[in-house]
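2 protein chains.
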Amino acid sequence: MILGRLNHVGVATPSIDDSIAFYRDVMGATAIGEPFDLPAQGVRVCFVDTPPSTGSGRGTQIELIEPLGDASPIRGFIEKSPAGGQHHVCYEVPDIHAAKAWFEAKGVRVLGEPRIGAHGTPIFFLHPRGTGGVLTEIMEAPGDGH
Amino acid sequence: MILGRLNHVGVATPSIDDSIAFYRDVMGATAIGEPFDLPAQGVRVCFVDTPPSTGSGRGTQIELIEPLGDASPIRGFIEKSPAGGQHHVCYEVPDIHAAKAWFEAKGVRVLGEPRIGAHGTPIFFLHPRGTGGVLTEIMEAPGDGH
Numbered sequence: 001m002i003l004g005r006l007n008h009v010g011v012a013t014p015s016i017d018d019s020i021a022f023y024r025d026v027m028g029a030t031a032i033g034e035p036f037d038l039p040a041q042g043v044r045v046c047f048v049d050t051p052p053s054t055g056s057g058r059g060t061q062i063e064l065i066e067p068l069g070d071a072s073p074i075r076g077f078i079e080k081s082p083a084g085g086q087h088h089v090c091y092e093v094p095d096i097h098a099a100k101a102w103f104e105a106k107g108v109r110v111l112g113e114p115r116i117g118a119h120g121t122p123i124f125f126l127h128p129r130g131t132g133g134v135l136t137e138i139m140e141a142p143g144d145g146h
Numbered sequence: 001m002i003l004g005r006l007n008h009v010g011v012a013t014p015s016i017d018d019s020i021a022f023y024r025d026v027m028g029a030t031a032i033g034e035p036f037d038l039p040a041q042g043v044r045v046c047f048v049d050t051p052p053s054t055g056s057g058r059g060t061q062i063e064l065i066e067p068l069g070d071a072s073p074i075r076g077f078i079e080k081s082p083a084g085g086q087h088h089v090c091y092e093v094p095d096i097h098a099a100k101a102w103f104e105a106k107g108v109r110v111l112g113e114p115r116i117g118a119h120g121t122p123i124f125f126l127h128p129r130g131t132g133g134v135l136t137e138i139m140e141a142p143g144d145g146h
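Each protein sequence line maps, in turn, to chains W and Y.
Taking the numbering used here, the leading residue of the first sequence gets 1, the next gets one more, and so forth.
Taking the numbering used here, the leading residue of the second sequence gets 1, the next gets one more, and so forth.
If we strip away everything but chain W, and leave its shape as in the complex, we get:
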């Protein structure tokens, strides 16, 4: 497997609204998506674009994630880090099933079956125990690039 593009860095937050204000007013982000609920993942999501290195490219996004529902998988993270913080990184792959087989063959634990992620394409997570402590999402690259 060839390392794919770093699609986004997942940042957990207790309040997407507050984080949007921070990225807009302090960090100077000029392209911030509309927040939306992703009930299947137990999170509310908002993508913040960072600039690409060239005009026609795409930068790695910041994916703001806020707990959604009592069973949200990031509720524990926010309880431990009430201000929020870095939660995961996400790399693109061309084929989610080939990627799953690859990581399993390498002995890295895949957390569950591929499911639809925030960009509308199949994703899975790798257990941080097998990735140097970094919770890692693998996503099938969407046709339109984001």
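Worth flagging that the hints you see were computed from the coordinates, not collected in a lab.
Honestly, I wouldn't trust all of these hints.
For chains that are exact copies, the list does not tell them apart, and a pair is met inside one copy or across any two.
To be verified - Dumping the calculated DMTMM-like pairs for lysine to aspartate or glutamate here, alpha-carbon to alpha-carbon at most 25 angstroms:
| id | residue 1 | residue 2 |
| --- | --- | --- |
| 1 | Lys106 | Asp95 |
| 2 | Lys106 | Asp49 |
| 3 | Lys80 | Asp37 |
| 4 | Lys106 | Asp70 |
| 5 | Lys80 | Asp18 |
| 6 | Lys100 | Asp18 |
| 7 | Lys80 | Glu104 |
| 8 | Lys80 | Asp17 |
| 9 | Lys100 | Asp70 |
| 10 | Lys80 | Asp95 |
| 11 | Lys106 | Asp37 |
| 12 | Lys100 | Asp25 |
Quick caveat: nothing in here was measured; it's all calculated off a predicted structure.
Assemble the complex: chain W is given as a structure, and chain Y must be docked to it using the hints.
Okay, now just chain Y, sitting in the frame of chain W:
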């Protein structure tokens, strides 16, 4: 201020050698720099390139950092997370002093004076208390892009 490019994601590791093997053999990275010591920062550093969205662009790098010396600022991080993990994110700015003045005016605590970072340009860190829990490095963009 306009949000700059996400230059890299800093990943702390107890062993850069082991992390290089992981990024090469499991994640499939094809462009990994030579590790080097950065004694002034108390870290050993190695950059892993991730692919850009277009052929001529540059992707966000993974900056592997290993504690260097007993006073390393990331020694505590590794003691708390022995396997390593996400440590910081780093955005580029055109002018480090203008950026420092901007963040100070916004009430975000700047940690120390600008100093030379791993890419050879001036950098500073923002306290995570002012950035939604994300330790954030600000670096002056080098002329050659990385």
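Are any of the numbered hints broken by this structure? If so, which, sorted upward?
4, 7, 9, 10 and 11
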